[in-house]
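Protein chains in written order, with the numbering used here: chain L, 1 to 367; chain P, 1001 to 1406.
Hints in this document: simulated from the structure, not taken from any laboratory.
All values derive from a computational prediction rather than experimental measurement.
Note that beta-carbon positions come from the ideal geometry of N, C-alpha and C, so glycine has one too.
Incorrect hints may have been included.
Pairs of lysine-lysine, BS3-like flavour, derived with a Cα cap of 27 Å [what the hints assert, rightly or not]:
{"no.": "1", "chain 1": "L", "residue 1": "Lys23", "chain 2": "P", "residue 2": "Lys1281"}
{"no.": "2", "chain 1": "L", "residue 1": "Lys205", "chain 2": "L", "residue 2": "Lys167"}
{"no.": "3", "chain 1": "L", "residue 1": "Lys127", "chain 2": "P", "residue 2": "Lys1254"}
{"no.": "4", "chain 1": "P", "residue 1": "Lys1339", "chain 2": "L", "residue 2": "Lys23"}
{"no.": "5", "chain 1": "L", "residue 1": "Lys2", "chain 2": "L", "residue 2": "Lys12"}
{"no.": "6", "chain 1": "L", "residue 1": "Lys269", "chain 2": "P", "residue 2": "Lys1339"}
{"no.": "7", "chain 1": "P", "residue 1": "Lys1254", "chain 2": "L", "residue 2": "Lys283"}
{"no.": "8", "chain 1": "P", "residue 1": "Lys1339", "chain 2": "L", "residue 2": "Lys199"}
{"no.": "9", "chain 1": "P", "residue 1": "Lys1281", "chain 2": "L", "residue 2": "Lys199"}
Okay, the calculated bits of chain L under chain P, using three or more residues with CB under 8 Å as the criterion [to be verified]:
{"no.": "10", "stretch": "54-65"}
{"no.": "11", "stretch": "125-137"}
{"no.": "12", "stretch": "235-249"}
{"no.": "13", "stretch": "355-366"}
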Amino acid sequence: MKFTIEKSDFIKVLQRIQGIVEKRNTMPILANVLLDVSDGKINIMATDLEVFIKDSSPARVIEDGSVTVNARKLFEIAKELPGETMDISSGKDDKVTLKAGKARFNIMGLPSKDFPVFPAIDESAMKEMDSAVFRELIEKTSFAVSTDETRYNINGFLLESSSGRLKMVATDGHRLALITREGVSIDSGSKEGVLLPRKGVMEMKKVLDEKGGSFLLGITQKNAVMKRENTVIMIRLLEGEFPDYTRVIPKDNDKDAIAVRADLLSSLKRVSLLSTDKIKGVKFSFSNSKLVLSSSSPDIGEATEEVDVEYPFGELEIAFNARYFVDMLEALNDEKVRISLKDPLSPGVLRPTNGEDYTYIIMPMRL
Amino acid sequence: MHVDMNAFFASVEQRCSPALRGKPIAVVGSAKRTVVTTASYEARAFGVKTGMNRFEAKMACPQIIFVVGDNSKYIDASVRILEILNSFSPLVEAYSIDEAFIDITGCLAPFGTPSALAMEVKRRIKEALGLTCSIGIAPNKLLAKLASDMKKPDGLVIMDEASSPGVLEDLPAGELWGIGPRLTEHLGRLGIRTCGQLGRAPLSLLRDRFGVIGERLKLMGQGIYSNEVAPAGHEDEARSVGHSTTLPADTSEKGAIRRYLLKLSEMVGARAREHGLKGSKVCLTVRYPDFYTFSRQKTLPSHTNDTRAIYMSALSILEVMRLRTAVRLLGVSISGLAKGSGQMSLFEDDRRRQRLLEAMDEVNRSFGGYTITWGSLLDEGSGCDDETGVISPAWRPVGVKRINVK
């Protein structure tokens, strides 16, 4: 294998795959990228067996062939090499040589036949989707995904598609975010909803963040696949059952408070500075047209702040983890939010005032 | 004042059975593989030491009598001793099952002198329990502990500002309370071997080497120590909740190891729940047969005291560990403790699980430990009901460190 490649193209592709390369070192070859040269281009692939990424880049090919080499070292070396182009070659012993200017690196590779095979993809089953729409689904729910590995059934997003409507749901057992978009759908095969693991979705988002436009998205029995230009990401769906979220959406929360999002956000951030270290408990005291936020920490002191709200009901005191509120308020850009409550022990519901297509549910803390 | 019971476990046993009095005995645990927890003074004369296994003890003293420790006896004796001490001063800190600190400032009037008070303490303990103790009296806890150590058994040593510098001058630094073998080694490398040298060492040197504790070390070398006697309820908050157990036989069998982990996780979880504590880190400790011991910990996304969450984390640590050989000891602990936050769960299943744990704990509190337990702990041959029967040095009469023993 031997080729010459534009350094800037190569670095961009290598950067994209860094997040996917296995870091835990359980199988040494998963720390490598596969370089496969044929038909005048180079295909680059990386996987941790849960997420697969494939990318390609044009190159001046001198000799076809393939090899795997440590992804991080290759990226670090490519970044530091001088000049515009670099020469990469490998021989029978899987040793890879990188050359640029007067610099020369020989790094040990592993045979490409030992690298996992990229699962076959059926492009005809994929549908076009707007990047901005899909990014919004992720951005407004991702903070609620559980990172508790012992609860694998909520370590990801529930994606549901039915009757021309797409829904994305995420929860960590204390709060839940649900977003609905009309007029978009995907073909999710026989299943109504699929569970997408967090890591793979965040890798997809990284690719979508690079630029707007549309991309292809497909769901099969076991995998979700996205494709944009030369980049293909395939993620294995999570097995397990997502909890029945419809049952936790409160229907009889009859006390609504409307607040200016940015004001509530900055007040909460200030007041939560004095709640106990890790668990950011803040007390919300609602009374006529007024919300008083307060927190205290036995070792440090206490803080209170008054926030103007539209709230025409009787007094209500309830405590929430401020972080859960802040996460959601930061993800929105609406001017006002509506907080719907029932009593101090029932979940609260947050929505932007102009629309029912986004719902965020938070379970309170016992006072 | 520091009161240190002499050969506590062995003395209690000798007190309970006259046949053992005046004979070399060693108190051991009930597990198959156990070590000497305490040797009587008669046995110590033959060179039997704490930590020896049965074979080593027998080699040192062929006529030694092994007595399996009975923790309830020791706890009972310990509680009665604390009651006696409390009748002298309200400020009593139970430092371990057989040691206590008492602040006697302001309690001297009825006795006249500290030594008269100490003799009365000794007399009352001897009268009530037939046990002897060594007492050290000094201006602070550090020196009192040092003083009680100087004359054993049945000693009484009084140290004051005038006599302490002489004692400290040539005393090896490692003899001081709180200076362990590792610290001793570090100090040795700086050329500091005695307390006198430690007290004179330049502060900048100690600060550079040991950070903030450098200053405290220098003061300790001078016999100055500012921690007050902390009676029950006033001690520092617990930093971790943990349990460990030496397995009845070394094993590398995954199933058995998992069962022990579940059992330890349940012990940790139940005790944390009892005290309303939740931890954000789970730590797994493993000891190999050659006594090589290591720990790995894992940070959790949220605080927990749920047995299952603790167990799952301990298991996930074990899975990446790649055990070199069989395992001799396993330990599970949680740290990063916080008082339960009162955060409620969104899903009914989680709330039900919460109520289930509460119900289990309540049954076990009313009817004794493990009345309700996890099915996999009941598997035939799981061997999980073997207790090593040795009380932990961290045991305290009240609070989260009070571990229930059989």
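Each hint tested on the structure:
1. A distance of roughly 22 Å separates the Cα atoms of L:Lys23 and P:Lys1281; the hinted pair therefore holds under the 27 Å criterion.
2. A hinted pair counts as satisfied when its Cα atoms are at most 27 Å apart, and L:Lys205 with L:Lys167 qualifies at roughly 17 Å.
3. Distance restraint check for L:Lys127 and P:Lys1254: the Cα-Cα separation of roughly 47 Å exceeds the 27 Å cut-off, and the hinted pair is therefore not satisfied.
4. Taken as a hint, the P:Lys1339 and L:Lys23 pair is broken in the structure, with Cα atoms around 34 Å apart against an allowance of 27 Å.
5. Note on L:Lys2 and L:Lys12: the hinted pairing holds, with a Cα-Cα distance of about 20 Å set against a maximum of 27 Å.
6. Taking the CA atoms of L:Lys269 and P:Lys1339, the gap is near 22 Å; set against the 27 Å cutoff, the hint holds.
7. At roughly 47 Å between alpha-carbon atoms, P:Lys1254 and L:Lys283 are farther apart than 27 Å, so this suggested pair is violated.
8. The suggested pairing of P:Lys1339 with L:Lys199 is violated, with an alpha-carbon distance near 32 Å, which exceeds 27 Å.
9. At most 27 Å may separate the alpha-carbon atoms for a hinted pair to count; P:Lys1281 and L:Lys199 meet this at roughly 23 Å.
10. Requiring three or more residues with a Cβ within less than 8 Å of a Cβ of chain P, the coverage given for the stretch 54-65 of chain L is violated, as only 0 such residues are present.
11. For the stretch 125-137 of chain L, the assignment as covered by chain P is violated, since 0 residues bring a beta-carbon within under 8 Å of that chain's beta-carbons and 3 are needed.
12. For the stretch 235-249 of chain L, the stated coverage by chain P holds: 3 residues have a C-beta nearer than 8 Å to a C-beta of that chain, and at least 3 were required.
13. Residues of the stretch 355-366 of chain L with a Cβ under 8 Å from some Cβ of chain P number 5, which satisfies the need for three, so the listed coverage holds.
Checked against the numbered hints above, the structure breaks hints 3, 4, 7, 8, 10, 11 and satisfies the rest.
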